[in-house]
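Based on these hints, arrange chain W on the given structure of chain Z.
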Amino acid sequence: GAVVSQHPSWVICKSGTSVKIECRSLDFQATTMFWYRQFPKQSLMLMATSNEGSKATYEQGVEKDKFLINHASLTLSTLTVTSAHPEDSSFYICSARAHRGPMYGYTFGSGTRLTVV
Amino acid sequence: KQEVTQIPAALSVPEGENLVLNCSFTDSAIYNLQWFRQDPGKGLTSLLLIQSSQREQTSGRLNASLDKSSGRSTLYIAASQPGDSATYLCGSGTASKLTFGTGTRLQVTL
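Quick note, the sequences are listed as chains Z and W, same order. Going by the working numbering, 76 is the number at position 76 of the first sequence; the sequence numbering is gapless. Going by the working numbering, 1026 is the number at position 26 of the second sequence; the sequence numbering is gapless.
Hints listed in this document are in silico derivations from the structure and should not be mistaken for laboratory results. Watch out, some of these pointers could steer you wrong.
[Stated by the list, open to error] Within a straight-line C-alpha distance of at most 25 Å, the following computed DSS-like cross-link-like pairs (lysine-lysine) qualify:
{"no.": "1", "chain 1": "Z", "residue 1": "Lys66", "chain 2": "W", "residue 2": "Lys1097"}
{"no.": "2", "chain 1": "Z", "residue 1": "Lys64", "chain 2": "Z", "residue 2": "Lys14"}
{"no.": "3", "chain 1": "W", "residue 1": "Lys1042", "chain 2": "Z", "residue 2": "Lys14"}
Isolated chain Z, as found in the complex (with noise of 0.2 Å):
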C-alpha cells in the first residue's frame, strides 16, 4: 500500500534557528501533499497544501515567510521553519494524495516532534 515517510521524527532546535522537516511518498506520486500541525490533545490543522512544482496554498492565519513549502518532486516536498521560536513547537504531520486524484484517500506520515528551546 501507500507509504509516506516523514523525517525526522522529532528535533530539538534553539529558538532563532531554522528546522526541515522531509515528507516523502515512497511507493506512489504525490503530486499533492498537505502539512498538518497538532496541539495537544487537538485534532490536525491544515497549514498548507503543497502542489508539485508550484507554490503551496496557505491556509488563513499561517504565515508563508515563517512556514516555508517546497515540492521539488512527486516524491518529495520539505517543511522548513524558519526563526523558531518555542511557540512553534508542536507535533507537525505530512500527509500526501496519490497522483490518481482525491478519490483515493489520504495518506500520512508519522510525523514530527518540534521542540524549540
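Below, chain W alone, put in the same frame as chain Z:
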C-alpha cells in the same frame, strides 16, 4: 467551509463490548470519508475509506457507514480489545483537502 464533528469526545468501555463512534459533517459535497487511528505521539493510520457513492466499508472488526445526504458517518468496532485504545479521527475529503473532526479518544479496559 466544511465542519466536522465527532461524538463522543471520549469513551471508555470494557473489553469485549461493541461500540459506535459518530462523525458528522456540514457539507455533503464530499469525495469520500476516511477514518483514521492515531496512537499517542504518532501519525495517522488509515482504517477505512468510503467513497461518496458507497454506503459502507468493512475491515475485520471495523465497519464504517456513510450517509452523505444527512452528513453522517459511523465507525462500528466489534468485540473491542485493549489494543483498540487510541484516538479515532474522521476526515471528510473534498477535491482539494481533507477536513478532520475533533476526534474520539477511546480507552478499552481489561
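A quick look at each hint next to the structure:
Note on Lys66 (chain Z) and Lys1097 (chain W): the hinted pairing holds, with a Cα-Cα distance of about 22 Å set against a maximum of 25 Å. As the CA atoms of Lys64 (chain Z) and Lys14 (chain Z) are separated by approximately 21 Å, the hinted pair is consistent with the 25 Å bound. Of the pairs offered as hints, the one joining Lys1042 (chain W) and Lys14 (chain Z) holds, with about 23 Å between alpha carbons and a cut-off of 25 Å not exceeded.
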